[in-house]
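J.: Please take these sequences and the hints and turn them into a complete structure.
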Amino acid sequence: MSTAAVPDATPERSPGVQQDPAGTFGKVWWKHLLAILALLFAIFPIVFVISAALNPAGTMSASSLLPRGFSLANFRDLLQDPARPFLTWYKNSLVISLLAALFSTFIGACSAYVFSRMRFRGRRAGLMALLLLQMFPALLAFVGLYITFSKIGEIVPPFGLNTSWGIILVYLGGAMGGSVWLLKGYFDTVPKELDEAALVDGASHARIFFTITLRLVTPILVTVFMTSFVGVFGEFMLASIFLTNADAQTLAVGLYGMTVGNTKFALFGEFAAGALLSAIPIAALYLVFQKQLAGGLTQGSVK
Amino acid sequence: MSTDPSPEPTGTTPSGAGNPMLFHHGKTPAWALAAKWILIALALVLCGYIAMRLSDLGYTMWVVLVAFVAMIILAVYGTKRAVPMKYLLPGLILMLGLQIWPIVYTGATAFSNYGQGHLATKEEATAQDIAYSVQQVAGSKPYGLAVAVKDGEPVATGELYFLLTDPAGKNFVGDAKGLTPLTDPGVKVESGSISTAPGYRILNLREANRRSKDLANFAVPTANGGGIKASGISLAFEGRPTLVWDKKADTITDSQTKQVYVARGARWVPKDGQGQPLPVGWKENVGFQNFKTVFTDPTLRTGFVKVFGWNLAFAALSVLTTFILGMLLALLLNDPRIKGRGLYRSLLILPYAIPVFVSALVWQSMFNQEFGLVNNLTHLNVDWFGNTWAARSAVLLTNLWLGFPYMFIVCTGALQSIPDDVMEAARIDGASPLRMLRSIIMPLLLVAVGPLLIASFAFNFNNFGLIQLLTGGGPFNTGNAQIGSTDLLINMAYRLAINGTSPNYGLASAVAIIIFFIVAVISLPGFLRSKALEEVN
Numbered sequence: 001m002s003t004a005a006v007p008d009a010t011p012e013r014s015p016g017v018q019q020d021p022a023g024t025f026g027k028v029w030w031k032h033l034l035a036i037l038a039l040l041f042a043i044f045p046i047v048f049v050i051s052a053a054l055n056p057a058g059t060m061s062a063s064s065l066l067p068r069g070f071s072l073a074n075f076r077d078l079l080q081d082p083a084r085p086f087l088t089w090y091k092n093s094l095v096i097s098l099l100a101a102l103f104s105t106f107i108g109a110c111s112a113y114v115f116s117r118m119r120f121r122g123r124r125a126g127l128m129a130l131l132l133l134q135m136f137p138a139l140l141a142f143v144g145l146y147i148t149f150s151k152i153g154e155i156v157p158p159f160g161l162n163t164s165w166g167i168i169l170v171y172l173g174g175a176m177g178g179s180v181w182l183l184k185g186y187f188d189t190v191p192k193e194l195d196e197a198a199l200v201d202g203a204s205h206a207r208i209f210f211t212i213t214l215r216l217v218t219p220i221l222v223t224v225f226m227t228s229f230v231g232v233f234g235e236f237m238l239a240s241i242f243l244t245n246a247d248a249q250t251l252a253v254g255l256y257g258m259t260v261g262n263t264k265f266a267l268f269g270e271f272a273a274g275a276l277l278s279a280i281p282i283a284a285l286y287l288v289f290q291k292q293l294a295g296g297l298t299q300g301s302v303k
Numbered sequence: 001m002s003t004d005p006s007p008e009p010t011g012t013t014p015s016g017a018g019n020p021m022l023f024h025h026g027k028t029p030a031w032a033l034a035a036k037w038i039l040i041a042l043a044l045v046l047c048g049y050i051a052m053r054l055s056d057l058g059y060t061m062w063v064v065l066v067a068f069v070a071m072i073i074l075a076v077y078g079t080k081r082a083v084p085m086k087y088l089l090p091g092l093i094l095m096l097g098l099q100i101w102p103i104v105y106t107g108a109t110a111f112s113n114y115g116q117g118h119l120a121t122k123e124e125a126t127a128q129d130i131a132y133s134v135q136q137v138a139g140s141k142p143y144g145l146a147v148a149v150k151d152g153e154p155v156a157t158g159e160l161y162f163l164l165t166d167p168a169g170k171n172f173v174g175d176a177k178g179l180t181p182l183t184d185p186g187v188k189v190e191s192g193s194i195s196t197a198p199g200y201r202i203l204n205l206r207e208a209n210r211r212s213k214d215l216a217n218f219a220v221p222t223a224n225g226g227g228i229k230a231s232g233i234s235l236a237f238e239g240r241p242t243l244v245w246d247k248k249a250d251t252i253t254d255s256q257t258k259q260v261y262v263a264r265g266a267r268w269v270p271k272d273g274q275g276q277p278l279p280v281g282w283k284e285n286v287g288f289q290n291f292k293t294v295f296t297d298p299t300l301r302t303g304f305v306k307v308f309g310w311n312l313a314f315a316a317l318s319v320l321t322t323f324i325l326g327m328l329l330a331l332l333l334n335d336p337r338i339k340g341r342g343l344y345r346s347l348l349i350l351p352y353a354i355p356v357f358v359s360a361l362v363w364q365s366m367f368n369q370e371f372g373l374v375n376n377l378t379h380l381n382v383d384w385f386g387n388t389w390a391a392r393s394a395v396l397l398t399n400l401w402l403g404f405p406y407m408f409i410v411c412t413g414a415l416q417s418i419p420d421d422v423m424e425a426a427r428i429d430g431a432s433p434l435r436m437l438r439s440i441i442m443p444l445l446l447v448a449v450g451p452l453l454i455a456s457f458a459f460n461f462n463n464f465g466l467i468q469l470l471t472g473g474g475p476f477n478t479g480n481a482q483i484g485s486t487d488l489l490i491n492m493a494y495r496l497a498i499n500g501t502s503p504n505y506g507l508a509s510a511v512a513i514i515i516f517f518i519v520a521v522i523s524l525p526g527f528l529r530s531k532a533l534e535e536v537n
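Those sequence lines, one after another, are chains L and P. The numbering used here puts the first sequence at residues 1 to 303. The numbering used here puts the second sequence at residues 1 to 537.
Please keep in mind that the hints were generated in silico from the structure rather than gathered at the bench. All of these numbers come straight from a predicted model, not from anything done at the bench. We treat Cβ as the ideally placed atom computed from N, Cα and C, and that holds for glycine. Certain hints may be false.
[As the list claims (entries may be wrong)] Covered by chain P, according to a simulated footprint, are these stretches of chain L (three or more residues, beta-carbon under 8 angstroms):
1. 67–76
2. 172–183
3. 230–244
4. 267–276
T.: Encoded structure:
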């Protein structure tokens, strides 16, 4: 969909740039100044959460930008809080994001393979319909989803409201349309001759798909997996509608619950500790897969 | 192949994996066949289970649909035909069931009055009204009562169940549909009423008191046309109803007060207009009533216009501010003379590496009036969430922080793809840096990131999470708890449907459908011009 070039968000190593000769700094010092200002804007909330999480007094009134002390009391309180099963939330978030991302990547890859490699009636119309459908985010149909799943819960309890499987299913509704265009574009760049050679050798379509195509498109699969993992991990609206039981909630819903009501000031230290721990999986993914995610960004996934 | 315009594989395409020469023997291995049939069998067993549950609960129509799906699964995977469908079917079923159906269902709900007090069919609702009118017959024996919700349902809003123990010691579950015997051996009775029942969460005195209003409107219809009502929270009695439904004339007559009720506006109202309507109404088609309400109801109409205006402004300003800051930073750091650019870049995108729910909640705490960091650092005393414009600024500032790294990343990418020789040529021609920015860099940049700006607008237009986590839609004007100053349309719909004291699914769906149309109008030009359409091959 996009025509943007893949940006390079990793540290720049342009070959054409020589070591700056002495004296250049005099001309660009103001750029350093502005960059540092921007940097302060970018990181002060992060510094603040870290300070609040490590603050021995875990209330909001005692919080400050820079750390005033060092204590892990907030983390201990959080993990032992009987009213807030933080570890369960963490597990739910990881399980739901992992399974939803795995399934949706696989479903997307299957569809993209067909749309890229096979010619059949309804192919063009199908691709268009998928593109059109993407204009309408699933969350707009939340009333229909909510009522449908409260009925499903009556019929097949493990897939109803307040279940991990239920919310995973909701996220999988858009699995096919969400990434098929991005995936198909990449599948198209894998030479067809490889398939044809395998076909001549008597390999079945399934064998070609699983042993040749999927291996050659691994980079885009990683990108799609990561973006959907990040998306599901941070999804709030549907999770907050579907998961009302403390034990079924995800980090997003659980942490939100800690910041509403009168207890939020006293719970602030625990909340900051929880926020810090919740940020770890995604931040780690970004550091490790910076390049793939940056590539995925320009292809139409927006945060 | 000859019609395939996709670029020839370049260096970016990985190679080396999967050597086609390996397929000398084209036979499918036995384990793959076995796995395939096991999966087919599992899918069919699942279909069978669902069909069984459906028929147990009386949804006969849906059994047919499940059987149809099972047949398609068998036809697609059990035969060698329909190869593309083998890959598309799982995604297709999920899409039809969980994306298209909810949209259609939301659309249908928008034309109904579905919501609190209008949840059941007319038959069921009338049965409840009649059951509610029961008066205790002299001498009837009381039941022991425990009020409960199903396990896992919220105590404050879950559907109520009566766990009843009759004088002979037999146990029953009663709901709005009727009585069913409760024979589970795990049921324990203490001093005449049930104290434990597997699958149910029994409400204690306080919880039950909180729901006294629901309890007053709750009665279990019995087979002989009477009903069981609560009397306090540990006793219930069976009695005869005073209401009689004349189905032919479609009226209800109260045999005691001689009041006649007629069906009007999906509930029973007194014919002479005097007195209260009966408590339970039913679900019915109301045509365009919900849409009319949105545009004519005095509070909703002004609220809707206000919310819509802010919604547009929020999305546009979010895109504008994040794009400008991101672009300026990208331009700033696109200078090879700056040392440590890599470090700057890595740190600048840090906000993007943190889940939005975490950042939004942290910003919410930083904007706290008394103890928040923003007021502390600036020595201001702004009530950020109590004042309309302060709250809106807070929302935009937070979204700027959340969104500028994205714009920074895409602008950096676009800048690096501008060919050096174009810039060199301009420089030789004597163009000033400002002129180069205006005439070369900006046009090329906008072409590259234009579609992303539109996508970002569409995303922010429905940025439910940010608003809900940061302000909850507030501040609210006094006397109007439905429309908040920072509400987006989607937040308004959410509150109407889920969060309010009396959910109105019909009205919420109507708002959602209106958002659908707005989103369609916004994205249609982009869709029509989309290059992807022309290139489908």
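J.: It remains to establish, for every hint, whether it holds in the given structure.
T.: Each hint, compared with the structure:
1. Coverage of the stretch 67–76 of chain L by chain P is violated in this model, with 0 residues showing a Cβ closer than 8 angstroms to a Cβ of that chain against a need of three.
2. Requiring three or more residues with a Cβ within less than 8 angstroms of a Cβ of chain P, the coverage given for the stretch 172–183 of chain L holds, as 7 such residues are present.
3. Evaluation of the coverage hint for the stretch 230–244 of chain L: fulfilled, as 9 residues show C-beta separations to chain P shorter than 8 angstroms, against a requirement of three.
4. Counting residues of the stretch 267–276 of chain L whose beta-carbon sits less than 8 angstroms from any beta-carbon of chain P gives 4, enough to reach three: the coverage restraint holds.
Comparing the model with each earlier hint shows a violation of hint 1 alone; every other hint is respected.
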